[in-house]
Structure formats: structure tokens, C-alpha cells
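Enquirer: Okay, here's what each chain looks like letter by letter:
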Amino acid sequence: MPQPVVELDRVGKTYYTGDVETPVLFDLSFSIVPGEFVAIVGGSGSGKTTLLNLMGLLDRPTAGVIRVEGREVSHLDELGRARMRRDRLGFIFQFHYLLPEFTVLENALMPCRMRGREFEKSREARMRELLTYVGLEEKLNVRPPQLSGGQQQRVAVVRSLANDPAVVFADEPTGNLDSKSGRMVFDLMKRLSRESGTAFIMVTHDDNFALEADRVIRIRDGRIQAPPGRHEGTELAVAAPEA
Amino acid sequence: MTTYFIRSVAFRHLRYSVGQSLLTIGVVGISVLLIIYLRTIIGGTQTRIVQNTTGAIPHITVEPPERTPVGAWQLANLGIDPDTLYVGEVVNLPKARESIEDWRLWLPSLDGADPAVTAVSPIVTGQAFMNRGSRRQSVRLAGVIPERHNGIVEIEKSLVSGRFIGMSPGDIVLGRKLATDFGLKLRDKVRLVGPEGLTLNFTVAGIYNTGFGQVDDGQVFVTLRDGQSLLELGGSISSFGIKLADLYAAENIARRIAPGLPFKVRSWVVDNPNLFVTLASQGQTRDLILIMTTIASGFGIGSILVMVVTSKYREIGILKAMGATPGEIQSIFVLEGLLLAFLGCLAGVPLGVVLLKALAAIRSVGPDGRVGSPFLIEIDPVLLVGASLVAIVTGAIASYFPARRAGQVDPIQVIRGS
Chain Z
1 MPQPVVELDR VGKTYYTGDV ETPVLFDLSF SIVPGEFVAI VGGSGSGKTT
51 LLNLMGLLDR PTAGVIRVEG REVSHLDELG RARMRRDRLG FIFQFHYLLP
101 EFTVLENALM PCRMRGREFE KSREARMREL LTYVGLEEKL NVRPPQLSGG
151 QQQRVAVVRS LANDPAVVFA DEPTGNLDSK SGRMVFDLMK RLSRESGTAF
201 IMVTHDDNFA LEADRVIRIR DGRIQAPPGR HEGTELAVAA PEA
Chain A
1001 MTTYFIRSVA FRHLRYSVGQ SLLTIGVVGI SVLLIIYLRT IIGGTQTRIV
1051 QNTTGAIPHI TVEPPERTPV GAWQLANLGI DPDTLYVGEV VNLPKARESI
1101 EDWRLWLPSL DGADPAVTAV SPIVTGQAFM NRGSRRQSVR LAGVIPERHN
1151 GIVEIEKSLV SGRFIGMSPG DIVLGRKLAT DFGLKLRDKV RLVGPEGLTL
1201 NFTVAGIYNT GFGQVDDGQV FVTLRDGQSL LELGGSISSF GIKLADLYAA
1251 ENIARRIAPG LPFKVRSWVV DNPNLFVTLA SQGQTRDLIL IMTTIASGFG
1301 IGSILVMVVT SKYREIGILK AMGATPGEIQ SIFVLEGLLL AFLGCLAGVP
1351 LGVVLLKALA AIRSVGPDGR VGSPFLIEID PVLLVGASLV AIVTGAIASY
1401 FPARRAGQVD PIQVIRGS
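Heads up: the protein sequence lines correspond to chains Z and A, in order. Here the first sequence is numbered in my numbering, starting from 1 and rising by one per residue. Here the second sequence is numbered in my numbering, starting from 1001 and rising by one per residue.
Hints listed in this document are in silico derivations from the structure and should not be mistaken for laboratory results. Mixed in with the good hints there might be a few duds.
Some but not every residue of chain Z turned toward chain A, in silico, with C-beta under 7 Å [what the hints assert, rightly or not]: (1) Leu58; (2) Thr62; (3) Gly64; (4) Phe93.
Owing to the predicted nature of the structure, the values given are computational and were not obtained by experimental measurement. Glycine included, C-beta positions come from ideal geometry on N, C-alpha and C.
All chains, full assembly: derive it from the sequences and hints.
Expert: Okay, here's the thing in C-alpha cells:
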């Protein structure tokens, strides 16, 4: 079995507001292997985005251990977590948040730009290739406001792969798109995951997309409702009805 | 330290919001221009006022000490035995002039009293009458060593005709107005009558026009020897005049050298207290305007950056999520502030110089009839650099707070869309 790209071992998260404790996640343990496409589903407030933030090193767990590519990252300081995100993780959000001052190609290369001019240059050909792959070869030098919502999200998908990450975290990447654009973006992520061997972990409300994932992790009230594993057929609908 | 990433994002922000950037650059540019303009114009005006006041007088005057009369009943307090007291009449009291007899001994030590001393001139001064034909006028007589005294008042440079440095015994140098009043020209003869009635004949060796009323009107210069003779001072002088490189240091230097001299040492400041207060208040007003201008410039940069940070909140969040550190985000906005300030300087400094040169080119007729610039303008490179530094430091300070706010943006808040 290949080394997991992400491992969670009894991870919990509690928010503290003054003397008030608000536990959000409890005792989560699972791992994700390279190339795996995982959907995290659950109702509003179930803790799925918090889970994604913990795995994406945007937040710290209050219990348990998180490992990325075998390295324990739970206790990294802010700089260490930023460097890890920059070098080994990719992100796609519901809103693309592309930088309007930069062209499509420059936006896609932005994570590389953080690592310096030479690194950016070394990744430019690959980014051109990926942008062509997603049908934006004519748009490389235009600025994001000139693109449709679906096109912008495709740029965001390519951007998430800029640093050749071990894993991409996608938080409702289709949530702000019409169904046709959403389908296009989802298919694109799946295809890229398969072809690049990059693991994708996607938070989604859309059961149709979740059903197409290699594995579904359903979160309910901060706990994994069904044991993580490859879903089969309608397991998702049976085992994890929406709250 | 900036990186390629920091520089490129900062530059793009400014280039993308070109209108906003130009507005801020304009605010900073005008601030720099104002700093340069106000300091130069007000500084020039102050210099001119001070020059007009002090140009014809020494910055420090060293005089014989004042003798205070002592009552007979006070002698015991001074340690003098009242039994040895002699009582009599002082004959011819006005003759008991205060003078410095051993001035030649003191001259070298005054020359080297302070590095700021540029000239020391032994002077005899007194009233005399100038006679020519039926015309008679009271004049202020100054007996000087021309080579030394020219360092106090630049007579040689102001000569309309003749010479001052190198004048011989029997020569007299006087102002153009006095010469005109007496119908005098070079080599004409004129007679001076001293306070005790001693009369000497002089030949006009030079006529000057310094622009200083007190020198041009009613003042005559003769050699030190002739002055001493006319005023019957023997080998004594009335005072030393000292000129300094920095006239504002006069009071401090006067206080410093006074304890080592058996004389009374007085700076021009003591003689012109109102002028000093006026200049100081003028300087304070100028500084207040400059501080306000600098603060306005800082607010200009700060407010623009606050707007930029607010409008870029989501982009900042996503950059942080992708791995930008708080320090990198902060650096982007500090760099933007510095760039705006720097570009403002690039606009403001040349504009300031052009404005000052245009003002310096204006010519008008002064009260002394001379054609000249109404403004005393000296463009000081140190001021240009200083104004730029002030603007850049202001830019850095003004950008720090919005930059810090940008660095603290929590990517999780952005992802949640809040």
C-alpha cells in the first residue's frame, strides 16, 4: 500500500470563545492515498469545511495528529504551515478569487511565483499545457474579469496544481457554478486527479458528484458517520442521508 | 527584503489601479513640493532679514567692561579700607572713555577663539563732524584695519568706485548717499572734526553702496591709526568685532569665550531680541505647516492603502491560503506605500525645483534702487534629499498599519465568505 498523502489519527477540533467550548470534530481517523478522489459530504454545520481546513493546514487540531506525506504537521508554526501549503498542497474554493491584476497564465502560476522567478519559469510550460487541456489556450493572456464563472474556476483548478501538490483540497468548487459549468469543473478535477496522480479531497453538497468519488466521507455532528471506504452503488444514499 | 512575488504583486496593484495610484502620487508630490517651497522661501526670507540686520554689524562684539559707580558706603563690602578713601573731583568726566589698550595681545586669541570665527576686527568708533565748504554733518566714524574689517562688512565688494582694502593713512571711504550729499567723488578732500575738536583732512579713497542703511548713510571709514588720532584714543581701540560662519551660533560662542576674557562679550542676538523671537515664531509656523502637510501626505497614502486592503481582502485570503506568509503580505503593502511615496518624490522634487527657479528668475527694483530677485532662493540639495526622505518615511509609516491588517487576514474567514 502506498504511503498516505494525508493521515488523520484521532483528530478533534474544539473552538474556545472565552469560557465557552464548542466542540466541532471528534476523534477522526482515516488516511488518503495518492491519486484518490475523496468526497466529504455532510449537512450545514456538520464540520466538513473545518475538517478540510485542518487537513489543508489552514487551521490546527486541538486533539490528535495530522500527517502530510508522512510528516507530522499538527504542531507546525504559522510559517511552517504556510510553507507546507505553498510547496505541497493545492486549494480550490467555491469562489475562484483570481487576482484581477494578473493574466490567466500568471494567476495559474501564482503559487510558483511565491517560490521565486526560476521556479515559476520551470513550471510555465506545464501550466500552459494544463490551461490548454482545460480549453483556455486562447485565454492565457487575458485577465480574469474577461472570463465566465466556469472558465475562472477552471483557472483555479489549474492553479491548484501549479506546485505539483501531493493533494488538492476543494471546498465546494462547483457550488457557485451553473450545473453545466459545475459538471465540467468536476469532470476536469477527476480527470486531472487520475492523470496526475494527485489526490483530491472535495467538500460538496452535491450527492451526484459525491457518488462519482472513489470514496465518500460523511460527516455528521463532527463524526464520521459511515466507516471510510470505497462506496458501492447507492451506499451513500442508504448509509448517509442528508441531515 | 522583497522577493519577486512581493514586488510583482505590489507593482501590479499600483499599475492596475492607476487612477488611485496617480492621485496618491499627486498628494505626496504636492507635499514634497510644499516642503521644499516653504523651507526655501521662508528660509530665504529669514536669511535675508537676518543678513539685513546683521550684515553690517559684527555677530559678536567684545567691549571694555562697564564700570559701575560704587557708593562710599559700599567700599567696606568690597574689602577696601574706608580710611584710605580719597574724595575729590573728577575733571573732564566724558574723557574717561572705556577702551581696550592691550588689544594687540588679545587679537591672536580671539582669532583662534572658535573654529566658527571667520573675522576679527579691532575698531575705534565715535562721533565726528564732516566738513566740506559750508556743509557740515555729524557722522559715525569707524577706524578700522580694512583687510580685517572687510570680513565684518563687505565694503570692498560693495564699492561703487575706489578701494577699501589697502587704504592709506589720510584716506576716507564713505557711502554713496553721504558722498552724493557732500558732492564728493574720488580723490576729493574732506575734513573731519573729532569730539575733542581735533581736525584732520582726508582724501576720498572709496565710495560704496552696501544696501545697509546704517552703513551707507552717515558712516565713514578711516584707518585704525587715523581713527585713534581723531578720537584721541592713543593706541587703544573701542571694541573688537567678530564675524562667524554660523550667525545663529553667536550666543553660544559668546557665552563660551566670555569667561576667558576680561571684557564684555555680547552677541547680536542680545541686541536684537525681537528679531530673534520673530524669526523663531516664523520658523515654528513654517514647521507646523510642514508637519500638517506631511501628516496629510501620510493620510493620503494610508487611506488609499486601507481602501486597497479592504478591496483586496479576498485575494489576500487566497494568497495566504496558497502559502503566502503574513510577512510577505505585509511587505506587499509596505512596498506599495514606499513606491507611492518614492514616485511622489520623483514628481514633487523636480516640480519644486522648477517652481523655485521660476521664482528666482523674477526681477524687481528693491528699496535701495538695485534690481534683484525679491526672493532669496538657494536650492539646497540636502533639503531635496531631506524632503524626499520625510515623504518616504511617512509613506512607510502610513502603509504599516493597513499592511499589518492585510498580513492578519485569516484565510478561513475568506473561504467561509465572511
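Enquirer: Next step is simple, just say for each hint if it's right about the structure.
Expert: These are the hints, each one checked on the structure:
no.	hint	verdict
1	Leu58	5 Å, holds
2	Thr62	15 Å, violated
3	Gly64	19 Å, violated
4	Phe93	6 Å, holds
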